[in-house]
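**Q** The opening residue of the sequence shown carries number 1 in this note's numbering; numbering runs sequentially from there.
Derived from the structure by calculation, the hints contain no laboratory data.
Note that the structure is a prediction, hence the values are computed from the model and not measured.
Misleading hints may appear alongside valid ones.
Unchecked claim - With a straight-line Cα cutoff of 20 Å, these simulated DMTMM-like cross-link-like pairs (lysine to aspartate or glutamate) come out:
| no. | residue 1 | residue 2 |
| --- | --- | --- |
| 1 | K135 | E81 |
| 2 | K50 | E81 |
| 3 | K20 | E63 |
| 4 | K23 | E5 |
| 5 | K82 | E123 |
| 6 | K82 | E44 |
| 7 | K48 | D118 |
| 8 | K48 | E63 |
| 9 | K50 | D118 |
| 10 | K82 | D118 |
| 11 | K62 | E102 |
| 12 | K51 | E81 |
Said to hold, decoys possible - For each label pair, taking beta carbons as the anchor points, the in silico distance ranges come out as:
| no. | residue 1 | residue 2 | range |
| --- | --- | --- | --- |
| 13 | E44 | N99 | 14 to 22 Å |
| 14 | I19 | K48 | 16 to 24 Å |
| 15 | I138 | S32 | 15 to 23 Å |
| 16 | P130 | G31 | 30 to 38 Å |
Here a beta-carbon is modelled for each residue, glycine too, at the ideal position from N, C-alpha and C.
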Amino acid sequence: SYRNECLERISRHLGERLIKDGKVSYSTPSGSSQIICLISKTYENKSKAKKLYWYSFPRSHKEILMDHSHGYAAFGCGSAEKITLLPIEFLEPLLHNMNKTEQGSDFYWHVKIHEENDRFTVEQPFGSGPTDITKYVIK
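Start from the sequences and build out the full structure, keeping to the hints where you can.
**A** Encoded structure:
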């Protein structure tokens, strides 16, 4: 898994150390920032020009991030070289336009990120088309 490499890059990007406080949950020492770090393998289509990354994002992840002044969902896209770091204020309204799967009394959203020609978008099947998230890619 390349999650640890992602966390190192996120830590450098934020300029703060990250402390593990859950399976995929990390916080800064001050506790002001919370990060959920998810990773996906690369799914390529036949042309290989367009890549897909798929994540399961449970309601509990959203709730954890919403409880902090700076909550981020980090999505590793195939490797630690490609990470999108989405502020929860940006991601939360997009979740309502994503597919979800019920799991007993709980559910999770299907976050699908597409990469094509160095442009990253998140699927919005119940919205007005894909949303560009390229500006949230960690350089």
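**Q** Hints first: check each against the structure and report whether it holds.
**A** Here is what the structure says about each hint:
Of the supplied pair hints, the one linking K135 and E81 holds, its CA atoms being roughly 15 Å apart against a limit of 20 Å. This hinted pair checks out: K50 and E81 have alpha carbons roughly 17 Å apart, not beyond 20 Å. Taking the CA atoms of K20 and E63, the gap is about 17 Å. The hint holds against a cut of 20 Å. A C-alpha spacing of about 16 Å is found between K23 and E5, which places the hinted pair at or below 20 Å, so the restraint holds.
Distance restraint check for K82 and E123: the Cα-Cα separation of roughly 17 Å lies within the 20 Å cut-off, and the hinted pair is therefore satisfied. Restraint check: the Cα-Cα separation between K82 and E44 comes to about 15 Å, which is no more than 20 Å; the hinted pair holds. Taking the CA atoms of K48 and D118, the gap is about 13 Å. The hint holds against a cut of 20 Å. Between the alpha carbons of K48 and E63 the distance comes to roughly 36 Å, so the proposed pair goes past 20 Å and is violated.
Simply put, K50 and D118 have alpha-carbon atoms about 10 Å apart, close enough for the 20 Å limit, and the pair holds. Proposed proximity of K82 and D118 is supported: the alpha carbons are some 10 Å apart, at most 20 Å. Proposed proximity of K62 and E102 is supported: the alpha carbons are some 15 Å apart, at most 20 Å. With a C-alpha separation of about 14 Å, the suggested pairing of K51 with E81 holds against the 20 Å cut-off.
Against the hinted window of 14 to 22 Å, the Cβ-Cβ separation of E44 and N99 comes to about 21 Å, which satisfies the hint. Our hint of 16 to 24 Å for I19 and K48 is violated, since their Cβ atoms are close to 38 Å apart. Take I138 and S32: their Cβ atoms lie about 19 Å apart, and the range 15 to 23 Å holds. At about 34 Å, the CB distance of P130 to G31 agrees with the hint of 30 to 38 Å.
Violated hints, in rising order: 8 and 14; the structure is consistent with all others.
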